[in-house]
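Position chain B relative to chain A; hints supplied.
Protein sequences appear in the order of chains A and B. Position in the first sequence (from 1) plus 1343 gives the number in the numbering used here. Position in the second sequence (from 1) plus 201 gives the number in the numbering used here.
Simulated from the structure, these hints should not be mistaken for laboratory data. Beta carbons: idealized from backbone N, C-alpha and C, even for Gly. There is no bait here: all hints are sound.
Using 27 Å as the maximum straight-line C-alpha spacing, the simulated BS3-like pairs for lysine-lysine come out as follows: (1) 585(B) with 1610(A); (2) 585(B) with 1654(A); (3) 1350(A) with 1623(A); (4) 1610(A) with 1350(A).
Quick look at which bits of chain B chain A covers, simulated, 3 or more residues with Cβ under 8 Å: (5) 547-556; (6) 601-609; (7) 620-628; (8) 633-646; (9) 660-674.
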Amino acid sequence: MMSIRDKVAIIGVGTTKFGENFTQSYPDMIVEAAYLAFQDAKVAPSQIQAAWLGTCFPDSGGYQGNAGASLADALSLYNVPISRVANYCATGTDAFRNACFAVASGVYDIVLVVGAEKMRDVTPRESLVGQLAETGHPVVGKGVTAPGMFALFATRYFDVFGIGRETLAKVAMKNHRHGSLNPDAHFQKEITLEQYLKAPMVADPLGLYDCCPQTDGAAAAVICRADLASTFSQEPVLVQGLGLANPVGDELPFDPESDFISFRATKEAAQQAFDQAGIKDPREEIDVAEVHDCFTITELVTYEDLGFCPKGEGPRFIEEGVPFLEGELPVNTSGGLKSCGHPIGASGLRMIGEITNQLRGRAGRRQVKRAQRGLVHNLGGLGAVTSVIVLANSG
Amino acid sequence: MIGILGYSAYVPSFRLPRDEIARAWGRPPVLPQSAGERAVANFDEDSVTLATEAALRCLGHFEGERPEGLYFASTTGPDQERQAATIIAAAADLPREIRTADFAGSLRTGTSAFLAALDAVKGGPAWSILVSAADCRLAEPGETAEELIGDAAAALLVGEGGAIATVEAAYSIAEEFPGTWRQSGNRFIQSDDEKFAATYGYQRLILEAMRGLLDKAKVSPKQISKVVCPAPDLGSYTALAKASGIPLALLQDPLLLSVGFTGAASPLLLLATCLENAEPGQLILLLSYGSGADAMLLSVTDEIESYRSRTPRDLIGKGRPLPSYHTYLRYRDLVRSQRGLWEIEPFSSLTMLWRERQQNLALYGVKCTKCDSVVFPARRVCPKCQTKDAFEPYKLGRQGKLVTYSKDRLYPGPESPTIMAVIDLEGGGRLFTQMTDCDPAAPRIGMDVTLTLRKFHEAKGYTHYFWKAKPLRVEL
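Just chain A, same shape as in the assembly (with noise of 0.2 Å):
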């Protein structure tokens, strides 16, 4: 098996405001996402070969985003081949993902990935919540919601690793406070423990500032050959890593061997990118990460499964502040899902766009010196699925 590192590189990356954008339509986002991306990496709409979109939930927004053609009606984009991609909350990784594997067989030398997504023109319960329970199996395994999915990961992790709320709150004022820096964010202000305790419980034992929240957005990247990169930008970032693992589907609570304290997803895709990275001590060598906080104990897990520590580690990892931005490994320094909320197809590239900025120093007050290598971690489902990219700088 060949190997993806060193073969593509990211040019240029745009991201709309992440929000209740309830004056802008979804192709009013993807436009503004990819021209942002365009201006960055300083090309036309006319130089790009082929085209991805990620959208994962089209039902919410009336199908738009169902088929590549919303994303060639949004740019008027008619003249290049675009598919689609879903693959629940790792679309947009995966998008970007499918795209990166086109450019590095050489059929295209530029093509421009986009992840969107409108989950407000429709009520919040209409949106994700009404998802879920429409959809699915008309009886087995119904009942669900996302946090009512999630927390069975907290309900067994509490009991195995005898920790509680609090350890969780860290891990939602550390996003917060990295959310207050970012001007892209849903969130944009600071919580404090006690405000996270008093908040409602949406599913036990996750409360309101467990979860991310309901919201718009759209972001792009622009990718190339990594030997044509150097002639549209001074500092393109390659991929070094991209895996993609999908052990246990959709069937994770009703297999007798899910422990859930661990996804293996994680595991196994993180592994498949360390490996084309060559990454043997991710602690060591990565130096920013944006990971997918859907849900607090979603990031405490990872932390673990990532092997940024041990198995049960996850609590001092946090409580000794290595996760913040002035911390040895700064982790969701956007303010992750929790702050910038998590339109679903966008939020992916959205991580693509944090590291590709932090590595390329211009992260702004959210800069992490001598960031040399970045990771994106995007999870979909309840772990059915899970995307982990590797991108490093050219420097």
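For chain B alone, coordinates are given in the frame of chain A:
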């Protein structure tokens, strides 16, 4: 020896104190001396699920023996056209080659089904038939009957050989009488002149059937050890007792104070509680009323003792108090709840449900013949050894232990929180499903749970049943 081979009862977990109902309507309770309480089915229960639970409990006492027929008796079967008995038989994993029938239309229908089962066994087409009677009747909110009704089910296995009680004689009267009734399309029972109904209906017809039976069987009232007679209310019952000349001590407790009047289930439920304490050789008089009356004379055999020694006691259980009268209204879908019962119509495909009927109703998974993995839901390629089409159907156990759980306040279900549970089942396999009859403070990892058939939703106007988990033992 043809007769009753086994019996069981199921009374739902919740009890609504009568003074709570009375307080809600600003009046004294109907039974002022000792108001008592009534059993209330959970929001996800109906007559089909009540009868299923009773049927499964009864069959649980007869390992390996499958009846050749299943009769369901109720005035509140949820469907006019969709047989409840077939649903119950499927949930009990009975073979397809059996007789099934729904008996309805009268409060007497429980004993009608019992008599029909006896006839079928006597006539030879079936070795045994399970009769499960359940009712979940509704009175219009505020009517006194609302306090008196209780929801419950009882089942009898009727068959040949090893009977714990034989039926010595039976006597029936059919008479059109306007006691209580309910037209199609009306959720609430109706009545007219209650005094007329109590004296000229209930009392006269039951006494006529009782006397007719005793004459026919040439048995003197003195030979009777116990009289089992449903009580729709306390006044009618005590008046009947007085008019009959039966000493109060001979009357089986009608459970009016602890459970309520359980409609079509009542005669069988009371008979079950009577058999709990019956002695070999005793004669029991079973009475039943509605569109006439049935009277049956039962003789308890020596088998009763060995039957009781191998079956659990405490048929009725204690129950837990329902938080409020409003909760009762919500559970019965009588008020629009904040989170309406069917606020969101879930996806359904009835074709899919039919295809999966064995999986979803009889609760089957599959077991890999190559690596012994038990997998639920069923699939074709083994997730452990990747062998294709090497699975055989595998009946999952109904008990298990809680692996983890969550209490979801966001899910738009009728009860908040929706407790979701991951369960390792005895005998293998893991199930992920909702919990029910469970105090939100109760779940603990490692807790023993048991599975019970419940209503999930009514997408496409079709009641969807599946299994939920409930605590095996309830801490009171």
